[in-house]
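J.: The chain contents come next:
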Amino acid sequence: MLPKFMQTMASPLVKAKTSRRQFLLGAAATGTGLAIGFQLLGSQKAQAAGFPAPPLVQPFAAYVTIDADGKVTVLSSQFEMGQGSYNGLATLVAEELGADFSKIEVLGAASNVKLYGNLAFGGAFQGTGGSTSMASSWDRYRMAGAAARQMLVAAAAKDWGVKAEEIKVEKGVLSHASGKTGHFGQFAAKASALPVPEKVALKDAKDWTLIGNPNLKRFDSARKANGTERYTIDVKLPGMLTAVMIHPPFFGATLKSFDGAAAKAVKGVVDVVATPRGVAIVAQHMWAAIKGREAVTVVWDESKAEKRGSDELLASYRETAGKAPAAIARNDGDTTKAFAGADKVLEATYEFPYLAHAALEPLNAVAHMNADGVLEVWGGHQFPDVYHGTAAAIAGIPPEKVKLHVMKSGGSFGRRAVFDADVIVEAVAVAKAIGFKAPVKVQWTREDDMKGGRYRAAFVHKVKAGLDKDGKLIAWDDHIVGQSIMKGTIFEQGMVKAGVDATSVEGANNLPYEIPNQKIGLTTTDVGVPVLWWRSVGSTHTAYVAEVFLDELAEAAGKDPIAFRLSMLKPDDRHAVVLKLAADKAGWDKPLAAGRFRGVAVAESFGTVVAQIAEVSVDGSGGIKVERVVAAVDCGLTINPDQVRAQVEGGIGFGLGAIMDEAITLTAGAVDQTNYDAYHPLRIDAMPKVEVHILPSTNPPSGIGEPGVPPIGPAVANAVFKATGKRIRMLPFSKTMNA
Amino acid sequence: MKVTINGTDHMVDAEADMPLLWVIRDLVGLTGTKFGCGLAQCGACTIHLDGEPVRSCQTFVGDVEGKSITTIEGINGKVASTVQTVWADLDVPQCGYCQSGQVMAATALLTANKKPTDADIDAAMSGNLCRCATYHRIRAGVHEAAKRLEA
Numbered sequence: 001m002l003p004k005f006m007q008t009m010a011s012p013l014v015k016a017k018t019s020r021r022q023f024l025l026g027a028a029a030t031g032t033g034l035a036i037g038f039q040l041l042g043s044q045k046a047q048a049a050g051f052p053a054p055p056l057v058q059p060f061a062a063y064v065t066i067d068a069d070g071k072v073t074v075l076s077s078q079f080e081m082g083q084g085s086y087n088g089l090a091t092l093v094a095e096e097l098g099a100d101f102s103k104i105e106v107l108g109a110a111s112n113v114k115l116y117g118n119l120a121f122g123g124a125f126q127g128t129g130g131s132t133s134m135a136s137s138w139d140r141y142r143m144a145g146a147a148a149r150q151m152l153v154a155a156a157a158k159d160w161g162v163k164a165e166e167i168k169v170e171k172g173v174l175s176h177a178s179g180k181t182g183h184f185g186q187f188a189a190k191a192s193a194l195p196v197p198e199k200v201a202l203k204d205a206k207d208w209t210l211i212g213n214p215n216l217k218r219f220d221s222a223r224k225a226n227g228t229e230r231y232t233i234d235v236k237l238p239g240m241l242t243a244v245m246i247h248p249p250f251f252g253a254t255l256k257s258f259d260g261a262a263a264k265a266v267k268g269v270v271d272v273v274a275t276p277r278g279v280a281i282v283a284q285h286m287w288a289a290i291k292g293r294e295a296v297t298v299v300w301d302e303s304k305a306e307k308r309g310s311d312e313l314l315a316s317y318r319e320t321a322g323k324a325p326a327a328i329a330r331n332d333g334d335t336t337k338a339f340a341g342a343d344k345v346l347e348a349t350y351e352f353p354y355l356a357h358a359a360l361e362p363l364n365a366v367a368h369m370n371a372d373g374v375l376e377v378w379g380g381h382q383f384p385d386v387y388h389g390t391a392a393a394i395a396g397i398p399p400e401k402v403k404l405h406v407m408k409s410g411g412s413f414g415r416r417a418v419f420d421a422d423v424i425v426e427a428v429a430v431a432k433a434i435g436f437k438a439p440v441k442v443q444w445t446r447e448d449d450m451k452g453g454r455y456r457a458a459f460v461h462k463v464k465a466g467l468d469k470d471g472k473l474i475a476w477d478d479h480i481v482g483q484s485i486m487k488g489t490i491f492e493q494g495m496v497k498a499g500v501d502a503t504s505v506e507g508a509n510n511l512p513y514e515i516p517n518q519k520i521g522l523t524t525t526d527v528g529v530p531v532l533w534w535r536s537v538g539s540t541h542t543a544y545v546a547e548v549f550l551d552e553l554a555e556a557a558g559k560d561p562i563a564f565r566l567s568m569l570k571p572d573d574r575h576a577v578v579l580k581l582a583a584d585k586a587g588w589d590k591p592l593a594a595g596r597f598r599g600v601a602v603a604e605s606f607g608t609v610v611a612q613i614a615e616v617s618v619d620g621s622g623g624i625k626v627e628r629v630v631a632a633v634d635c636g637l638t639i640n641p642d643q644v645r646a647q648v649e650g651g652i653g654f655g656l657g658a659i660m661d662e663a664i665t666l667t668a669g670a671v672d673q674t675n676y677d678a679y680h681p682l683r684i685d686a687m688p689k690v691e692v693h694i695l696p697s698t699n700p701p702s703g704i705g706e707p708g709v710p711p712i713g714p715a716v717a718n719a720v721f722k723a724t725g726k727r728i729r730m731l732p733f734s735k736t737m738n739a
Numbered sequence: 001m002k003v004t005i006n007g008t009d010h011m012v013d014a015e016a017d018m019p020l021l022w023v024i025r026d027l028v029g030l031t032g033t034k035f036g037c038g039l040a041q042c043g044a045c046t047i048h049l050d051g052e053p054v055r056s057c058q059t060f061v062g063d064v065e066g067k068s069i070t071t072i073e074g075i076n077g078k079v080a081s082t083v084q085t086v087w088a089d090l091d092v093p094q095c096g097y098c099q100s101g102q103v104m105a106a107t108a109l110l111t112a113n114k115k116p117t118d119a120d121i122d123a124a125m126s127g128n129l130c131r132c133a134t135y136h137r138i139r140a141g142v143h144e145a146a147k148r149l150e151a
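Keeping their order, the protein sequence lines are chains C and Z. The numbering of the first sequence is our numbering, which starts it at 1 and goes up by one. The numbering of the second sequence is our numbering, which starts it at 1 and goes up by one.
Only true hints are included.
Covered stretches of chain Z (chain C as the covering partner; in silico rule of three or more C-beta atoms under 8 Å from a C-beta of chain C):
hint, stretch
1, 25 to 33
2, 36 to 49
3, 67 to 73
4, 96 to 107
5, 114 to 123
These are calculated hints, taken from the structure and not from any lab test. Every residue gets a Cβ at the ideal spot worked out from N, C-alpha and C, and that includes glycine.
Just chain C, with the same shape it has in the complex (with noise of 0.2 Å):
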């Protein structure tokens, strides 16, 4: 997902230019060399000063709409793929409109930058990513409640002939002293004919009733355990078709030609065709294309084909790690002098896998020219801008005959933002490819899905520390090798500065702890195996490292690893907090059962600060169960407090299943692991109890989408070297426990 560096990644670009500025988007995915408009903020001001301010608009119809029969439905710019952003959008307009939150229902707006642009990204582009949803949608959403409010009662007012202040509004109903009553629905049309109040009253914090209510339940769960939640798999349109891909067997291998005459002979196959990204067979339904696509037979153009395996790649990471650093990310004091004097030096190095997303929902969209001309495309637009003008392009028509239906998904974990928009072009092209004659869903299996690329990157971290005589930390060296997020994307330009990929380095170059001498340096590989955010994107492997090699730092100057932190952080530092917190709550003072040991960790990514302590047991065959997580939360205001805690639960389950067992290896360029049978995601078996604090704060809420997930490798890692002695540096831990 994207991570708080888009804060700051349209003001390098607004002070190399102070004009607008274009971006091509979607040109390499397509050729085409589209140019959609990506208005980057105007006002340094406004970024200085924080996100910029939403504009007060009308907010029916484009937040918020009410039916006739009161019926309210929150219009949301953030994607809904899980994290409850719809959930937290839902709560801050009801909170502020005076709606009946148990019936309240949210859909997914996009196409209009200037309403739905992320406010934490500079506003000048609709994504969701970096755990913005809720920091993007504060003000805005609130105020746009608000403004209904005032309308509805301002239109109340007027047919009543009453005063607008003498009106209440509770659970979508208006009513006054004199007996008059009324609810929304009787009120919206003549409300959202009315002027755009000039200023809108937000309600005070002590007047809340569902923001910070740890009783608000989602208003989403009862249909999510009744099946009936719809997600692009169900999208069914009159005629539609279905169509399975075949994508090149290398990453950047192109098709060559192929022979679709065998398959179009299957029951139910209606065609195979090209498109940009491979060969698709369109059949009448899925497992007609499955079976059709067991029959074509496909050349491909290998000639620009990575081949490497990933333990080839990681021997030359290993190499290139030893060696100095291509770019320099931070450079505190005198590493090189700090190092000769200190008392005692401590070296590792640490390798981290390519990790899958694997959603459940495996990626898919649906594309339908209808009989307006216009390109109706259902998908999990996480990135909307990118695909809305993506699919104009593709099928050569304006954008203004485009329209996108924002379908939630069955997870993401930033998958699904993504600026080549590959599922979209699949969609799209394939439509194209029939003539636009039937809708297509383009549906991957989990094969292609897991086999797709745009993984996390593998990396190697090279690091060095040195403590003086005291035990003091007084050096700290990270070379960290691996391929960049942002290099060849749109962003490359804003997002990657002297050869440092902000996304390589993040928790690694802004750790909290004061080291007199530190220096992070990065050496971007250059690899043709596609990469992309993946839940806490660069904190995957920085906080990983930071924490466990400061938890052998602690071992080697004596000290108890919590003191060992606090002793470089200041008292009332965020980390420091939650550190205690944590401690307090896990019984960090209070010996341990028999056969459990325990393992801190602490880091900060996307504004919030969560510290994990780990209690795990060992059996008698080495095996590792993780019984216990304490976590403790910085993560602002808090807006929805059990759903705080439910991303912090299902954070530490899907962390930890990636450092207990997950990886994706290629053998000479062909990827090893393409379904669940042999990629491992956590299963019940393995998850810990879970407990949770949140620290009350007054703060504007940072993110939780993703915090959750740094600090659990460290941690259980850290108890790990406490039950076995062992450190662990190759990631999985099943790779290490077996080697």
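Starting from the known structure of chain C, arrange chain Z on it as the hints suggest.
T.: Coordinates of chain Z only, in the frame set by chain C:
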């Protein structure tokens, strides 16, 4: 070919090797049962076949004639409705994509075992992947449903 789903007979134009999953989703049009892996590795497609939880992606339409198929749309009774109510009360789902399968598996478990332990839950539910890792609440949900069913 005739299939009986949620008590209704459907005539479908399918060859015997067609996975029940695609019959249910694409031919009959019930979309609550989800496709996750096609290899019986994730449990998103879990249905009940004569009351037993099975993976519909690896169950073939040619093998189910005369058998009773229940999907998330057709599941009913005290155990199922309690599980579904608890799932909402505890806000178990996140993305929700796997939850049809989780509910089918949990219902089968609680039907066979009225008071499952954590170990029983792990054993019965470990075939159902949840990439959002809602396992903490799934476990709590099964215990809570057992408690409510006992009352």
